[in-house]
Every structure is written in structure tokens, then in C-alpha cells.
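Enquirer: Spelled out from the first residue to the last, the chains are:
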Amino acid sequence: MIRWKKITFWGLIASLGLGFSLAPLPARANSGAHKVFTLQAKRYAFWPAVLVVNPGDRVTIELIPQDVVHGLSIDNYDLNMTADPGQTTSLTFIAGQPGSYTMRCSVTCGAMHPFMIGRLQVGQNDLLWRAAGLALLAAVAGIFWRRV
Amino acid sequence: MKALQDAMPLIEKTSRLVGTSAERRLNLARLPWLEWWIKSRWPLLIVRSVTLAAFIFTILAGLVGSPVGSHNFAIIFVWIAWWTALKLLFIPLGGRSWCSVCPLPMPGEWLQAGGLISKAGNANGFGLRWPRRLRGYWLASGLFLLIGMFSAVTLTDARLTAWILLILLVSALALSLVFERRAFCSYLCPIGGFTGLYAKTAPLEVRVIHPAVCKTHSEKTCYLHCPWGIYPLAMRDSSQCGLCMECLRVCEYDNIALNLRPFGSDLAVSQPKTGLDETLLALVMLSSALSFSAVFTGPWGWLKSAAYAIGSPAWLAYSAAYLALSLLVLPGLYALAVWLSRNAGEIGKPLKRLIAEQAQPLLPLGLFTWIAFTIDFAFPKFSLILSVLSDPLGWGWDLFGTAGASIHPAILGAAPMLQVGAVLVGLFWSVNLGQRRVETQQANWRAALPVAAFSLLYSLLMLWLLVG
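Those protein sequences? They're chains A and B, same order as listed.
Per numbering that gives the first Met the number 0, the very first residue in the first sequence carries number 0; after that it's consecutive.
Per numbering that gives the first Met the number 0, the very first residue in the second sequence carries number 0; after that it's consecutive.
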């Protein structure tokens with residue numbers, strides 16, 4: 000009896016875990032729109048700090064440094080650009096998988112340069128929602144681990 | 000040997016009694032291919048000499064090298080390479096293993112012992128006992144908070160990093176001449192507090208094999224020569240053991256083991272010997288992981304500028320918020336959770352005692368959130384390690400052809416998954432431990448819910464900061 004209770008409980012936890020990890024979430028349709036952002040860079044921040052696009056969008060970023068030379072790279076995207084103060088450099092790419100990706104300054108611009116960060120949010124941040132669901136599941140599993 | 004023979008009946012009896020705690024342990028010191036490496040003083044001396052040389056070079060690089068942090072060996076090797084290795088390797092796998100090769104206490108310890116390869120002792124210095132009132136993690140917590148307030152500058156300014164290292168080295172040396180043993184490491188080192196706290200989760204321990212042998216051994220050579228002043232028989236957990244192996248070397252009966260053990264063995268004990276100082280340090284670590292994640296991995300430029308502009312009104316506001324989070328908000332929420340737990344479970348213990356005991360679930364939570372933070376903090380900067388190896392002073396050298404090394408963006412793309420995994424492991428472990436604590440107090444299982452809710456809320460906040 001206890002053995003079946005355990006199997007049922009852990010089967011349920013595993014199923015829910017797989018569900019939270021893999022189930023398709025309601026997503027915005029691939030719009031394929033062309034979105035243009037003017038991204039100002041000033042030690043040690045991008046403005047706007049978060050760029051929101053949809054998967055499949057054609058994204059153009061116009062980088063305008065306000066003080067010193069700054070650059071831009073985005074995690075998971077093989078791209079890089081630099082711009083002089085007051086000058087505009089632009090770059091165009093297609094937004095890929097949904098998620099939140101870190102934008103980084105790619106030119107040493109001062110002491111806090113390694114932490115000059117922004118975010119490119121493509122569609123909804125599935126990972127965060129899935130992680131929140133899994134966290135709730137981890138807490139439940141932690142409570143009942145020894146009780147079943 | 001006669002004492003050992005006399006004690007054999009008692010040993011056998013005691014072995015049966017401690018059998019359960021000795022189960023699932025592998026004594027690494029008995030493995031033929033490892034024994035010499037563990038028991039000889041030479042390998043450790045060689046490694047410590049290398050770390051001391053690297054430490055001195057780091058100070059010099061910080062003082063004379065490029066002021067640009069990302070081009071200076073001091074910043075990259077201390078805050079990216081070493082700090083990352085400490086959190087991802089040394090502590091999770093080896094507890095306080097870094098302390099065994101840490102260069103900070105070496106000069107003082109050599110002076111105390113009167114030689115490079117002598118047994119620990121008090122050949123030089125006053126050898127005073129550390130004041131009882133200053134024992135525990137209180138000072139380490141305070142120093143960690145102090146460093147945290149200046150973290151944005153410390154982590155980016157090579158000169159400041161060099162001066163801090165120098166001050167720590169001189170402090171450790173001065174204290175070793177006044178106080179006995181490793182007073183600096185035990186009570187002052189902010190990193191020692193961090194490693195000691197989380198060493199309880201690690202799968203490595205030094206423990207007595209047969210307690211009865213120690214009871215009949217009046218000389219207590221292990222205690223006399225322990226640089227940390229620990230009597231192995233009395234050791235309840237690994238938080239204060241620096242894994243220097245001196246007790247293994249001096250034990251006349253070969254009665255001390257270096258055990259490989261299940262993760263978190265120190266946390267599974269029914270009556271933890273923990274105090275409020277440990278709870279405070281655990282909460283300071285949680286608040287620091289939150290604050291540092293917001294400052295260093297968040298997109299808020301104003302927050303980075305505030306943390307960096309020391310002395311400015313913005314920095315004062317940042318510091319006040321950091322201290323309030325560490326000393327008021329998180330401790331207040333945690334105390335509330337324990338109070339609710341006490342009421343829900345009708346636990347008869349005083350609230351103060353419960354707050355101290357329930358700190359254990361905070362340890363895996365803290366360790367794994369620090370690991371998650373480190374992944375985001377350090378991964379993108381790994382290429383800089385190769386870069387400064389070729390150009391340690393930032394003078395334009397390219398000694399090994401790696402000065403222009405860069406990291407592939409796909410590696411950075413995998414980081415968020417790893418961070419989520421780390422936070423989830425820490426949360427599960429923490430909640431499970433809280434449930435076990437409630438069980439040992441024979442309270443209703445619902446008594447575990449408030450502290451579990453605290454851990455869940457904290458984890459959700461970290462997830463939002465890290466992958467939101």
C-alpha cells in the first residue's frame with residue numbers, strides 16, 4: 000500500500016515536472032514585424048534597458064553612446080557592434096527562440112563595464128514561468144519527500 | 000600500543016554504537032594511492048607555496064598593473080577565477096578545502112610554528128586565547144556586510160583589491176602573533192565565514208574513527224597540533240575544520256579519517272549545535288546574493304552607479320537598503336516564518352532556539368543561489384582569464400597568444416538553464432531539510448510550511464532577478 004502511494008506520488012511529481020518543463024505555453028504569433036530601437040548607451044546602462052520583440056521579428060538596433068565608446072553583444076546571438084560617442088551604428092537581426100537574453104557592452108568603457116547589461120526579451124519569458132512552476136513543485140516535493 | 004590493546008573491548012562496543020554514523024563513509028586516507036598525498040606535509044607545503052607566490056603576484060599586479068579591472072590579473076584572478084572556483088568547486092565538493100591552501104594565514108602560521116614544515120604550535124607570539132565574547136560568526140558577518148557595501152568598487156578596482164589583500168595578509172599575520180592558532184581564519188575572515196557556513200553541505204569530513212581510542216589517549220596530540228584549535232573527538236560539524244590534515248599526521252593510533260560522505264551530512268543531525276550568529280550569517284549570505292544579483296547581473300544602470308559612487312547620497316541609499324535587507328527585512332521575515340512554524344506545530348522550544356536551529360534549511364538555499372548567481376556573474380567573463388594570463392598587467396603583452404580570447408555566445412545561452420537548475424536543487428534541499436527538522440521535533444508536518452514558504456518566495460525572487 001505504502002509502496003503504491005510512493006509510486007503514485009513520485010509519478011505525479013515527475014509528470015508535473017515534465018509538464019512544467021515541456022508543455023507549450025500560449026505564445027504570441029510570429030509577427031515577422033520590423034522593429035527599430037534607438038538604444039542609448041551611457042556608463043553603465045542601456046536605455047531602454049529592456050527591448051521587447053516577438054520571435055521572428057526583424058530587429059534593428061541603433062546604438063548611440065552618450066559618453067564614451069560602447070559596444071553591444073547579445074547572449075546566444077553571434078553579433079557584435081561598436082559605436083563612438085554621439086555617432087549611431089545600427090545592426091539588424093532576426094529574433095529567435097522566446098526567452099530573455101542579456102545584452103552586454105562589448106567595449107571596455109570603465110570600471111563597471113563588465114556589468115553594463117540590458118535585456119532582449121523575445122516573446123514571453125517561458126523559462127521564468129516554467130522555472131516558477133518547477134520551484135513550486137520542488138517545494139511540494141521537499142515537504143512530502145519523506146511523508147509518502 | 001598497550002593503551003590501544005587495553006581499549007579494544009571499549010572500541011568494539013563504541014564502534015557498534017557509532018556504526019550508523021560511520022555508514023556510507025569512505026576513508027580516503029586509507030586508499031593506498033592517496034595516503035601519502037594526504038599524510039605527508041610536503042604536497043601541502045608545495046601547493047601553499049604556489050598559492051602564496053600567486054597571492055603576492057596578485058597584490059603586485061593590482062598595484063602596478065592596468066587600472067582597468069578587466070585587464071588586470073588581480074581583478075580577474077581574484078573575483079572571477081578564484082571566487083568562482085570557491086563557489087562552484089571548493090565549497091560544494093570540499094567544504095573548507097580552500098582554507099588548507101589559503102595563503103593568508105601562512106606567514107603567521109609559519110612564525111607560530113617556528114618553521115615551514117613543523118607541527119603547528121606557539122613557538123613565537125603571545126599565544127593568547129581569542130576573547131570568548133568575540134567568538135562565533137558575528138564579526139565575519141559584519142565584515143562581509145562591510146565588503147558588500149563596497150563590492151562594486153572592490154570587484155572592479157585593481158588597486159583597492161590589492162590593498163584589501165594586503166590588509167588581510169597583515170591582519171592575519173598580526174593576529175597570529177597575538178592570539179593562538181588561526182584566530183583570524185576562525186573569527187574574522189569574511190570568506191572563512193562563508194566557506195565555514197556552507198562546508199556543512201560538503202561531502203568531505205575529518206572525523207575520529209574509534210572515539211574510545213581518543214578517550215583513552217591523554218596526550219591529545221591532535222588537539223595540541225591542530226592549527227584551528229579543534230579537538231576532533233568533539234567535532235560536531237565541519238564548519239571550523241580547515242582540512243589541513245595535521246590531526247591525521249600526528250595521531251599515534253591512525254585513528255582519524257578523511258571521509259567521503261553523503262552531501263549535507265552535518266545538516267541531518269537531530270540536535271544541531273547552531274547559534275544565532277550562524278543564522279545571521281546565513282541570512283546575510285541570502286541578502287547579499289539578492290543584492291549582488293540585482294547590482295551585477297540586473298539591467299538597472301542607476302543601481303550600478305549608486306553602488307559604485309562611494310560616499311555619494313545614492314551610495315548611502317544603496318548601502319542603507321543593503322543593510323536593511325540583511326539586518327531587518329530578511330531576518331524579520333524569517334523570524335516571522337519560524338514563529339508561525341512554532342505556533343502551527345505547537346513546538347515548545349523558545350523562539351530564539353528555534354530560529355537558531357531552523358537556520359539549517361537556509362544553508363543549501365544560500366549555497367545554490369550563490370552558485371546560480373556566480374554562473375551569470377562569471378561565465379561571460381571566463382575569456383578574460385585566458386586574456387590576463389597572456390597580459391597579466393594590462394600592458395599590451397600576449398605571452399601565450401590568448402590575449403584576445405573570447406567566449407562563444409552559445410555557452411552564455413546555456414547559463415540560464417543551469418541557474419534555474421541550481422536554484423531548484425537548493426530550494427528542494429532546503430524545504431526537505433526544514434521538513435526533517437520539524438519531524439525531529441515531533442511536530443505537525445504543517446509546521447514546516449512557513450519556512451518552506453520563506454524559501455520558495457526567496458527562490459522566486461532570485462529566479463526573477465537571474466532569468467526574468
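Treat the hints as calculated values from the structure; they're not laboratory data.
All residues carry an ideal CB built from backbone N, CA and C; glycine is no exception.
Hints may contain errors.
[What the hints assert, rightly or not] From the structure, some residues in chain A lie toward chain B, with a derived Cβ separation under 10 Å: (1) 10; (2) 76; (3) 130.
[Claimed, not checked] Quick look at which bits of chain B chain A covers, simulated, 3 or more residues with Cβ under 8 Å: (4) 157–165; (5) 290–302.
Enquirer: A closest beta-carbon separation below 10 Å is what the hint needs, so does residue 10 (chain A) meet it against chain B?
Expert: violated, 17 Å
Enquirer: Confirm or reject the coverage of the region 290–302 of chain B by chain A under the rule of 3 or more residues with a beta carbon closer than 8 Å to the chain's beta carbons.
Expert: n = 8 at 8 Å, threshold three: holds.
Enquirer: Between the region 157–165 of chain B and chain A, see if three or more residues pass the 8 Å beta-carbon test, and mark the coverage as holds or violated.
Expert: Check failed, 0 qualifying residues.
Enquirer: Given residue 130 (chain A) as an interface hint, is its Cβ closer than 10 Å to any Cβ of chain B?
Expert: Holds, because the Cβ-Cβ distance from residue 130 (chain A) to chain B comes to roughly 4 Å (cut-off 10 Å).
Enquirer: Residue 76 (chain A) was flagged as interface toward chain B. Is the shortest Cβ-Cβ separation under 10 Å?
Expert: With a closest approach of 6 Å, the residue 76 (chain A) hint holds.
Of the numbered hints listed earlier, those contradicted by the structure are 1, 4.
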